[in-house]
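**Q** Assemble chain B onto chain A, guided by the hints.
Protein chains: 2
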Amino acid sequence: MRLRHKPWAKEKLMQYPQYVIQNPEEKKGKWRNVFNNENPIHIEVGTGKGQFIVGMGKANPDVNYIGIELQDSVIVSALDQLIEEELPNVKLLNFDGENLKNYFEKGDVERIYLNFSDPWPKNRHEKRRLTFKSFLKLYEDILINGGEIHFKTDNQGLFEYSLKSFSEYGLLLKYVSLDLHKSDFLDNIMTEYEEKFSARGQRIYRCEVQYQNSIQKTEVLNERMSE
Amino acid sequence: MRLRHKPWAKEKLMQYPQYVIQNPEEKKGKWRNVFNNENPIHIEVGTGKGQFIVGMGKANPDVNYIGIELQDSVIVSALDQLIEEELPNVKLLNFDGENLKNYFEKGDVERIYLNFSDPWPKNRHEKRRLTFKSFLKLYEDILINGGEIHFKTDNQGLFEYSLKSFSEYGLLLKYVSLDLHKSDFLDNIMTEYEEKFSARGQRIYRCEVQYQNSIQKTEVLNERMSE
Numbered sequence: 105m106r107l108r109h110k111p112w113a114k115e116k117l118m119q120y121p122q123y124v125i126q127n128p129e130e131k132k133g134k135w136r137n138v139f140n141n142e143n144p145i146h147i148e149v150g151t152g153k154g155q156f157i158v159g160m161g162k163a164n165p166d167v168n169y170i171g172i173e174l175q176d177s178v179i180v181s182a183l184d185q186l187i188e189e190e191l192p193n194v195k196l197l198n199f200d201g202e203n204l205k206n207y208f209e210k211g212d213v214e215r216i217y218l219n220f221s222d223p224w225p226k227n228r229h230e231k232r233r234l235t236f237k238s239f240l241k242l243y244e245d246i247l248i249n250g251g252e253i254h255f256k257t258d259n260q261g262l263f264e265y266s267l268k269s270f271s272e273y274g275l276l277l278k279y280v281s282l283d284l285h286k287s288d289f290l291d292n293i294m295t296e297y298e299e300k301f302s303a304r305g306q307r308i309y310r311c312e313v314q315y316q317n318s319i320q321k322t323e324v325l326n327e328r329m330s331e
Numbered sequence: 105m106r107l108r109h110k111p112w113a114k115e116k117l118m119q120y121p122q123y124v125i126q127n128p129e130e131k132k133g134k135w136r137n138v139f140n141n142e143n144p145i146h147i148e149v150g151t152g153k154g155q156f157i158v159g160m161g162k163a164n165p166d167v168n169y170i171g172i173e174l175q176d177s178v179i180v181s182a183l184d185q186l187i188e189e190e191l192p193n194v195k196l197l198n199f200d201g202e203n204l205k206n207y208f209e210k211g212d213v214e215r216i217y218l219n220f221s222d223p224w225p226k227n228r229h230e231k232r233r234l235t236f237k238s239f240l241k242l243y244e245d246i247l248i249n250g251g252e253i254h255f256k257t258d259n260q261g262l263f264e265y266s267l268k269s270f271s272e273y274g275l276l277l278k279y280v281s282l283d284l285h286k287s288d289f290l291d292n293i294m295t296e297y298e299e300k301f302s303a304r305g306q307r308i309y310r311c312e313v314q315y316q317n318s319i320q321k322t323e324v325l326n327e328r329m330s331e
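As you go down the protein sequences, you meet chains A and B in turn. Each residue of the first sequence is one higher than the one before, counting from 105 in my numbering. Each residue of the second sequence is one higher than the one before, counting from 105 in my numbering.
Wrong hints could be hidden among the right ones.
Stated by the list, open to error - To spell it out: a stretch of chain B is covered by chain A in this simulated footprint if at least three of its residues, at any positions, have a beta carbon under 8 Å from a beta carbon of chain A; those stretches are: (1) 127-141; (2) 253-264.
To be verified - Among chain A residues calculated to face chain B with C-beta under 7 Å, some are: (3) I187; (4) E264; (5) K268; (6) S271; (7) L277; (8) V280; (9) L282; (10) H285.
Hint data in this document are derived by calculation from the structure and do not stem from the laboratory. For each residue, glycine too, the CB sits at the ideal point set by N, CA and C.
Chain A extracted, bound-state conformation:
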């Protein structure tokens, strides 16, 4: 994404603490208090301008959403939408997704969305891909047991890599579409990037994977061996 420098962005983000969480370390394990309800929490790592997370918040009032984006000149567009829509169930974090464990403890989050993450195509940058095993471990450390990652991208190489990485980590593939916009998946909310690239005829790839604990895995094996 091309960044336009907005020197006023940081200040604006601080003026709306009801939408932009200023001190997320203090919310760790206490996010129910932030939203004043017991609804599940879904987060998006790399929220960009926020079209996805705001759209999801509008479509699903019974889910709490947190969009995380490091670039203040980008996330400020998400804030503008929240101000206009006055959504109580969407919050923003202007912090680095790599530090998720500072803001969330195990079980705080039910689902993680990764949308059009940077593909980092060079092999030597593998560790930076948000589906690299160290990130899958990071997500596991904040998700509930049986938590899910919902992932979409237009980058074929990143999708192929991610399917392998998920499998190696032992995640269960629950849903996969190799051409989302021609599929029967009706609840898709597009990101800004997705709108632009799919309009050019680019295929969108999407999958849902689920963490399994060792007990579930052993059950699958026992079931299979007893057949």
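**A** Relative to the frame of chain A, chain B by itself:
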């Protein structure tokens, strides 16, 4: 595949017992004797006219191949190629792939190829797809520990289904390409069907999955938990 009736096919297949195994039940557990060597055995379920299995046999003389195809009027074309090429490391079985366990015992086979299998797109026909869980169990019962399935298809729906089915069964995804003919996979041998459909611009999907025993799985889990 459209079938042309060839009343003479059955008879011709019986005239070449050096290429077409007549009594595979008797070879169960003794395939080393058929090939007179200790090389690994790879089988293709649904060999069709045999371009793939014959091409593989020529390219890899240190591997033994067995092509299995129920339709005699189709597999007879594979026989014609074998007669011409005089390949000692390729054999044919004119039998139903559903009865694999009659011909092979656990450990007889190192790898199974599934190429452009019938997609059976209707939900009620799921059980007929060669990547349905009952077939994955059947393959496990004849493969070595750590054996592999190499699967390719041009059918997007079948590929999506199969990725999920492999994952649910606990198979490890070792390789995946969502556009094989534009990938860096150099060792591809095309089937007749693949040549025709890829020439029309159809994408070819391909993956390799590996069976894991429970010890391997536990190791992965332990490794992850100790990180």
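**Q** Indicate, hint by hint, whether the structure satisfies it.
**A** Each hint tested on the structure:
1. Residues of the region 127-141 of chain B with a Cβ under 8 Å from some Cβ of chain A number 0, which does not satisfy the need for three, so the listed coverage is violated.
2. For the region 253-264 of chain B, the proposed coverage by chain A is satisfied: 3 residues have a C-beta within less than 8 Å of a C-beta in that chain, meeting the threshold of three.
3. Look at A/I187: its Cβ only gets to about 40 Å from chain B, farther than 7 Å, so that hint breaks.
4. The beta carbon of A/E264 comes within 5 Å of a beta carbon in chain B, closer than 7 Å, and the hint placing it at the interface holds.
5. At its closest, the beta carbon of A/K268 sits 5 Å from a beta carbon of chain B; the interface hint therefore holds under the 7 Å criterion.
6. About 4 Å separates the beta-carbon of A/S271 from the nearest beta-carbon of chain B, less than 7 Å, and the hint is met.
7. Because the smallest distance between the Cβ of A/L277 and any Cβ of chain B comes to about 4 Å, under 7 Å, the interface hint for this residue holds.
8. The restraint placing A/V280 at the interface with chain B holds, with a minimum CB-CB distance near 5 Å, inside the 7 Å limit.
9. Of the supplied interface hints, the one on A/L282 holds, with its beta-carbon coming within about 5 Å of a beta-carbon of chain B, less than 7 Å.
10. Below 7 Å, beta-carbon pairs count as interface contacts, and A/H285 has none with chain B, the closest being about 13 Å; its hint is therefore violated.
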